[in-house]
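Trainee: So you can see what is in the structure, the chains are spelled out below.
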Amino acid sequence: KQEVTQIPAALSVPEGENLVLNCSFTDSAIYNLQWFRQDPGKGLTSLLLIQSSQREQTSGRLNASLDKSSGRSTLYIAASQPGDSATYLCAVTGTASKLTFGTGTRLQVTL
Amino acid sequence: SAVISQKPSRDICQRGTSLTIQCQVDSQVTMMFWYRQQPGQSLTLIATANQGSEATYESGFVIDKFPISRPNLTFSTLTVSNMSPEDSSIYLCSVDPGTSYQETQYFGPGTRLLVL
Numbered sequence: 001k002q003e004v005t006q007i008p009a010a011l012s013v014p015e016g017e018n019l020v021l022n023c024s025f026t027d028s029a030i031y032n033l034q035w036f037r038q039d040p041g042k043g044l045t046s047l048l049l050i051q052s053s054q055r056e057q058t059s060g061r062l063n064a065s066l067d068k069s070s071g072r073s074t075l076y077i078a079a080s081q082p083g084d085s086a087t088y089l090c091a092v093t094g095t096a097s098k099l100t101f102g103t104g105t106r107l108q109v110t111l
Numbered sequence: 001s002a003v004i005s006q007k008p009s010r011d012i013c014q015r016g017t018s019l020t021i022q023c024q025v026d027s028q029v030t031m032m033f034w035y036r037q038q039p040g041q042s043l044t045l046i047a048t049a050n051q052g053s054e055a056t057y058e059s060g061f062v063i064d065k066f067p068i069s070r071p072n073l074t075f076s077t078l079t080v081s082n083m084s085p086e087d088s089s090i091y092l093c094s095v096d097p098g099t100s101y102q103e104t105q106y107f108g109p110g111t112r113l114l115v116l
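Here the protein sequences come in this chain order: H and C. Mapping to the numbering used here: the first sequence position 6 is 6, numbers consecutive. Mapping to the numbering used here: the second sequence position 9 is 9, numbers consecutive.
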């Protein structure tokens, strides 16, 4: 059974700092890995999707890497802003398009 | 992309009652899913809603408790039956656009359920 873990569970940083969120998964037989953002009271917003054959994806200040063989992914956020405050979830896609979500990292960016 | 709406957005229910949640997509999709997010927890897949056949449930979830309908390619319902306070969660539907894992799944805004 696939298990996805995220470290740290919570993180508070001052505005402008660069930060890294970590995600690990136990079964490397995945089709892709996705990073989502969840704001309180709202649904999920997709940030980045990395195919299993890819090593990284970039979107603006966000960069996600994938090491499938070791079961790890990182989300790098550059020059953090208060608007980045949210819960970040990673999820891996297995057979039949089923997503297994990680435990989440709650990020707070302070002024 | 796909735009998903859910009804109701939130509800407060008494234990022992049932609630049906609706999920509407703005385009035809093959695969629809229902997830549960318990307070302070991550998302857990309940079932895959199959059009024209019974839903496929994940371990720990049963049809009697979470009956699902999928009458067509744009609509699905999830019923939470005989509710208890432990059913208080956010319920989300999602769709897979079916582009061979190259595109993200899209999620509805969720239904916040509180059972008293």
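Derived by calculation from the structure, the hints in this document are not laboratory data. Just so you know, not all the hints are guaranteed correct.
As the list claims (entries may be wrong) - If you want the footprint, here are the derived chain H segments under chain C, 3+ residues with CB under 8 Å:
(1) 37–45
(2) 90–100
To be verified - Quick list of in silico lysine to aspartate or glutamate cross-link-like pairs, EDC-like style, CA-CA up to 20 Å:
(3) H/K98 <-> C/D11
(4) H/K42 <-> C/E54
(5) H/K68 <-> H/E17
(6) H/K42 <-> C/D11
(7) H/K98 <-> C/E58
(8) H/K1 <-> C/E58
(9) C/K7 <-> C/D26
Bear in mind the structure is a predicted one, so any value in this text is a computation, not a measurement. Glycine is no exception: its CB is placed at the ideal position from the N, C-alpha and C atoms.
Trainee: Please go over all the hints and tell whether each is borne out by the structure.
Mentor: Status of the hints after comparison with the structure:
no.	hint	in the structure
1	37–45	holds (count 4)
2	90–100	holds (count 7)
3	H/K98 <-> C/D11	27 Å, violated
4	H/K42 <-> C/E54	29 Å, violated
5	H/K68 <-> H/E17	28 Å, violated
6	H/K42 <-> C/D11	15 Å, holds
7	H/K98 <-> C/E58	10 Å, holds
8	H/K1 <-> C/E58	12 Å, holds
9	C/K7 <-> C/D26	14 Å, holds
The earlier numbered hints that this structure contradicts are 3, 4 and 5.
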